[in-house]
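A.B. asks: Sequence:
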Amino acid sequence: MPSEYNFKHIEKKWQKYWYNNNIFECTEDPEMQKFYALIEFPYPSGAGLHLGHIKAFTSMEIIARKKRLEGYNVLFPIGYDAFGLPTENYAMHVKKHPRVVTDENIKQFKEQLQSVGYSFCWNRTVDTTDPHFYKWTQWIFLKLFEKGLAYKSHTNVNFCPSCKVVLANEESQDGICDRCGSEIVQKEKDVWFLKIREYADKLLDGLNDVNFPERIKIEQQNWIGKSTGAEITFKVKCDNESYDIPVYTTRPDTIFGATFLVVSPEHPILEKFADKIINAKEILSYRDIAKNKKEFDRVNVNKDKTGVEVKGLHAINPATGKAIPIFTADYVMLGYGTGAIMAVPAHDQRDWDFAKKYNLPIIEVIKGGDIEKEAYAAKIGGTMVNSGFLDGLTVKQAIEKIIKFLEEKGLGFAKTDFKMKDWAFNRQRYWGEPIPIINCPHCGQVPVPYDQLPLKLPDLKNIAPSKTAESPLSKCKKWLKTKCPICSSDATRETDTMPQWAGSSWYFLRYMSPFDENYAVNPDAYNYWGQVDWYNGGMEHVTRHLIYSRFWNHFLYDIGVVKFREPYLRRSAQGLILGADGEKMSKSRGNTVNTLDVINTYGADVLRTFILFIGDYEKPAPWQADGIKGCVRFLSKVWNLVDILCDDCNTSDLNLDALIKKVDEDYENIKFNTAIAALMSALNTIYARGKISKLEFKTILLLLNPVAPHITSELYLNIFNEYIEKATFPKFDESKLLFNTVEIPVQEAGKLRGRVIVPVDSEESFVLNAISELGLFKDKDILKTVYVKNRIINLITKPKS
RNA sequence: GCCGAAAUGGUGGAAUGGCAGACGCGGCGGACUCAAAAUCCGCAGAAGAUUAUCUUCGUGUGGGUUCAAGUCCCACUUUCGGCACCA
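So that you can map any letter, position 280 of the first sequence is 280 in my numbering, and since no number is skipped, the others follow by simple counting.
Don't read these hints as lab results, they were simulated from the structure.
Each residue gets a CB set at the ideal place from its N, CA and C atoms; glycine is no exception.
Please note: incorrect hints may appear among the correct ones.
[To be verified] Simulated crosslink set (EDC-like; lysine to aspartate or glutamate; CA at most 16 Å straight-line):
id : residue 1 : residue 2
1  : 135       : 407
2  : 164       : 188
3  : 789       : 743
4  : 800       : 781
5  : 784       : 725
6  : 731       : 781
7  : 467       : 188
8  : 195       : 407
9  : 698       : 643
10 : 281       : 309
11 : 16        : 725
12 : 276       : 241
13 : 421       : 761
14 : 415       : 201
15 : 415       : 111
16 : 415       : 391
17 : 16        : 111
18 : 789       : 773
19 : 276       : 304
20 : 789       : 761
21 : 694       : 761
22 : 736       : 657
23 : 637       : 4
24 : 356       : 309
25 : 291       : 266
26 : 217       : 201
27 : 235       : 407
28 : 698       : 648
29 : 187       : 288
[What the hints assert, rightly or not] Label pairs and their computed distance ranges (CB to CB):
id : residue 1 : residue 2 : range
30 : 357       : 322       : 35 to 41 Å
31 : 518       : 731       : 22 to 28 Å
32 : 749       : 538       : 16 to 22 Å
Please work from the sequences and hints to get the whole structure.
C.D. replies: Pasting the structure below:
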């Protein structure tokens with residue numbers, strides 16, 4: 001009689017064995033096939049592990065353990081993405097240094113992760129705040145700078161006028177300061193950008209080469225937002241001066257309907273002709289109002305269009321040669337296209353609204369709509385009218401012809417544009433990687449020499465954000481003041497730090513050679529591990545981390561650091577774990593579940609099993625605490641299988657090959673819930689018959705091992721006298737997947753009427769014979785039969801005449 | 001507004017176009033127990049009938065394709081996620 005399953009004792013025992021003996025550490029071994037399984041490394045906040053981490057990590061944990069049993073050399077690393085706001089704010093709150101807080105949090109994370117029994121390669125752990133790590137983050141930045149992909153430019157930062165502090169976007173949701181609730185204003189500042197737009201096409205193309213879920217590809221495509229159109233020059237004549245306003249449009253065919261221009265309130269033409277514009281004062285005050293509008297209002301689609309005519313200036317429509325008025329309006333954004341549009345009110349609803357409000361002409365140039373009622377946004381397909389030499393053409397033909405026309409006149413050209421903006425690569429905060437640039441009064445922006453990396457963060461006592469919109473680093477004069485590496489003049493360091501997303505943009509490469517002092521990633525190690533085979537993470541990172549890290553990898557490919565353009569071969573994304581009420585877990589809702597409580601009450605194996613069993617891995621699922629009992633019962637049934645183990649019993653009611661196939665394929669297809677269900681079913685069969693063979697036991701332990709490694713390791717060692725990690729994941733025999741007989745449902749016009757049991761692969765006549773023996777359809781004539789071998793038979797009948 | 005995902009018993013969820021509700025939870029009945037917990041056995045979508053059985057209905061709504069539709073097509077409704085005056 002075995003003892004009751006004491007998970008506390010057994011789980012601790014195995015964790016000790018795994019971690020003290022480095023069971024999961026791996027080294028490059030050319031004899032073995034590699035497999036690189038990656039999870040998004042956690043941000044080590046003081047709150048510790050939550051269920052979201054567990055769900056995210058457990059999937060790759062299953063894959064990693066399974067691949068090891070299948071004989072792969074598995075890299076399944078862990079690290080910490082530790083720079084960032086929460087740590088910094090918490091550190092200030094408790095009056096400790098962020099370094100200290102980070103170290104404490106990492107220690108806690110490690111303990112908690114190990115209490116779940118994860119098979120990470122612990123001795124490759126990376127920490128983005130470690131100078132040995134961020135040395136290479138800075139190195140990559142300098143490479144980007146060298147290639148002209150990092151530049152400093154004017155932009156707005158979120159500034160809280162009450163706290164007098166620059167806020168990160170996540171601290172200023174909806175234009176409200178997180179800390180004091182005041183309205184954020186935009187403050188102009190020179191900050192760093194990375195030219196991710198230059199990689200937009202490559203990032204789009206690369207999606208063809210990777211196995212990502214379609215929803216992720218589509219989201220990235222939408223984020224990049226490629227559009228094709230034309231840039232067209234509208235000449236502005238004012239006295240004797242001539243000035244070009246380029247506009248971007250996706251519909252150059254509608255140019256004959258362009259009855260006015262609209263420029264954004266920040267457009268340079270307004271400054272340039274300030275003295276020529278009759279109502280310059282009105283224009284400037286409109287600009288100031290627009291500038292101070294909360295982003296939220298400016299972006300609100302439903303609000304009334306406002307704008308001001310720029311009096312004294314006119315633009316020439318290059319197709320018609322006619323002068324048209326110029327307006328400024330805040331529905332035109334400086335940051336997209338050229339910051340100016342040609343307004344075609346007949347065929348664009350926003351322009352139509354604006355034209356109606358300001359009583360501007362609306363000229364129909366594509367037939368088909370009723371432009372008195374609303375704009376007719378004809379897709380490719382209409383016929384051109386009122387369009388001079390374009391009349392009668394299709395939209396497609398018109399686009400070609402007008403672009404040719406404009407090119408010949410030097411007034412336009414075909415152009416693609418992207419919604420994605422360049423990556424604002426800066427924060428005015430302490431706890432981040434210092435940007436390794438020196439500002440020299442003579443030489444300008446000079447990179448810190450490579451041999452002086454890492455440029456370490458100075459040890460500041462006061463890390464509070466500055467009230468002057470400068471980084472706290474600017475207060476550290478000793479650090480700030482330096483010599484120019486080129487001309488040795490007195491110079492100052494760049495004081496902005498890198499954003500949250502810097503370290504995570506390349507950490508997966510560092511895992512391959514975490515301690516290499518000479519390379520970001522050691523070439524030999526890279527040649528072995530190459531691409532990440534499978535990367536699991538959250539949907540919330542699709543348009544941030546996932547796109548940033550693809551960008552950096554593309555760049556590192558272009559400069560020869562890595563051999564593959566795309567970093568990740570396969571990506572999956574877990575669905576959220578929701579509270580029992582079906583809402584997002586949050587402290588304010590009071591529907592959170594403490595991970596450690598679950599482990600203490602039920603054990604890590606139960607937690608792991610339940611979080612996978614709860615529903616489709618990729619869909620959101622509510623945590624229903626009652627449901628966990630099912631997994632407790634399941635594992636205790638596994639434990640008690642020993643009681644009914646028989647040496648040489650012959651069992652035929654459980655098809656082991658089918659079970660192996662089911663579980664194997666379900667794991668690979670991220671259908672963990674049905675894999676576990678299949679194992680539960682197998683146990684039901686076994687307990688109903690009351691005995692289990694050794695082969696069945698062995699198979700079930702191995703199949704279950706990735707999900708519940710503690711209990712299966714213990715049982716395997718006890719019964720088979722061998723460590724389970726030395727065993728091999730079971731394989732199935734394709735030829736043994738079916739039993740000798742099969743039950744065929746008998747339908748009449750699609751409705752179930754009965755069942756017959758026939759030998760596998762029976763012919764139709766045999767099945768029909770079996771049906772007539774049953775006595776079904778005695779009083780009916782069978783008009784037609786549809787028979788699918790081993791599956792179903794459907795009969796079309798009519799009453800006997 | 002645009003893009004994406006989803007809607008199945010009391011409940012979480014299963015179902016390569018082929019027996020809807022696998023596997024769980026909860027529920028009900030029984031066994032064990034002085035009793036309870038735990039455990040084990042059994043029942044269980046809804047309605048109806050001539051009730052050992054059988055029939056009809058049933059996967060958000062309305063149509064369609066098919067021998068056969070939760071699954072495919074068309075049109076909607078609702079919920080969730082993302083983007084959003086993107087020219």
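A.B. asks: Hints broken by the structure, by number, lowest first?
C.D. replies: When the structure is compared with the hints, numbers 1, 5, 6, 8, 13, 15, 16, 18, 19, 21, 30, 31, 32 turn out to be violated.
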